[in-house]
Amino acid sequence: MALYRFGVFDFDCATGELSGSGRRVRLRPQPARALAHLLVRHGEFVSRAELQRAIWPDGTFVHFDYGLNSCMKQIRAALADNPSAPTYIETLVRRGFRFIAPVSVTDVSFSPEPELSVVARPGSVEHRGKRGVVVSRNV
1318 MALYRFGVFD FDCATGELSG SGRRVRLRPQ PARALAHLLV RHGEFVSRAE LQRAIWPDGT
1378 FVHFDYGLNS CMKQIRAALA DNPSAPTYIE TLVRRGFRFI APVSVTDVSF SPEPELSVVA
1438 RPGSVEHRGK RGVVVSRNV
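Note that the sequence shown covers residues 1318 to 1456 in the numbering used here.
These are calculated hints, taken from the structure and not from any lab test. Virtual Cβ for every residue (Gly too), placed ideally from N, Cα, C. Do not rely on the hints blindly, as some may be mistaken.
As the list claims (entries may be wrong) - Derived CB-CB ranges, DEER-like:
(1) Pro-1374 <-> Thr-1404: 27 to 33 Å
(2) Leu-1320 <-> Pro-1346: 17 to 23 Å
(3) Arg-1370 <-> Ala-1402: 25 to 31 Å
(4) Asn-1386 <-> Val-1357: 20 to 26 Å
(5) Tyr-1383 <-> Ala-1319: 25 to 31 Å
(6) Pro-1419 <-> Asp-1382: 15 to 21 Å
(7) Phe-1362 <-> Ala-1402: 24 to 30 Å
(8) Ala-1397 <-> Pro-1374: 15 to 21 Å
All chains, please: the whole structure from these sequences, using the hints.
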């Protein structure tokens, strides 16, 4: 999965966790899905109907306008974003939204099994961990 970085924030799409300035910011599942969708399409216009499909699966009955507006308010509160002078999310009135801040994406996919390989010295093992850090140890 991907880790999105923007401003002082990190957002993990796999877990829906948002963190900023060294603290975790709580987001409910629906606002987290909306933010994930906006981040995946950062810089692009995302219609209200597209967000509806991303947030609520087929067969879910909600008051869509109220629900989407509530999600966007929660996201803006978590990001301390002002809809009148947005830093992160631009509103295109009655049409949709656009994530406007610069975004960097890091692929955080990794194999759950560490790679082990034998090095030149007999009895020494090299371990490549999650972040590619190499640790050698004698066995």
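Structure-based check of all given hints:
no. : hint                              : verdict
1   : Pro-1374 <-> Thr-1404: 27 to 33 Å : holds, 31 Å
2   : Leu-1320 <-> Pro-1346: 17 to 23 Å : holds, 18 Å
3   : Arg-1370 <-> Ala-1402: 25 to 31 Å : holds, 29 Å
4   : Asn-1386 <-> Val-1357: 20 to 26 Å : holds, 21 Å
5   : Tyr-1383 <-> Ala-1319: 25 to 31 Å : holds, 30 Å
6   : Pro-1419 <-> Asp-1382: 15 to 21 Å : violated, 30 Å
7   : Phe-1362 <-> Ala-1402: 24 to 30 Å : violated, 19 Å
8   : Ala-1397 <-> Pro-1374: 15 to 21 Å : violated, 30 Å
Checked against the numbered hints above, the structure violates hints 6, 7, 8; every other hint is satisfied.
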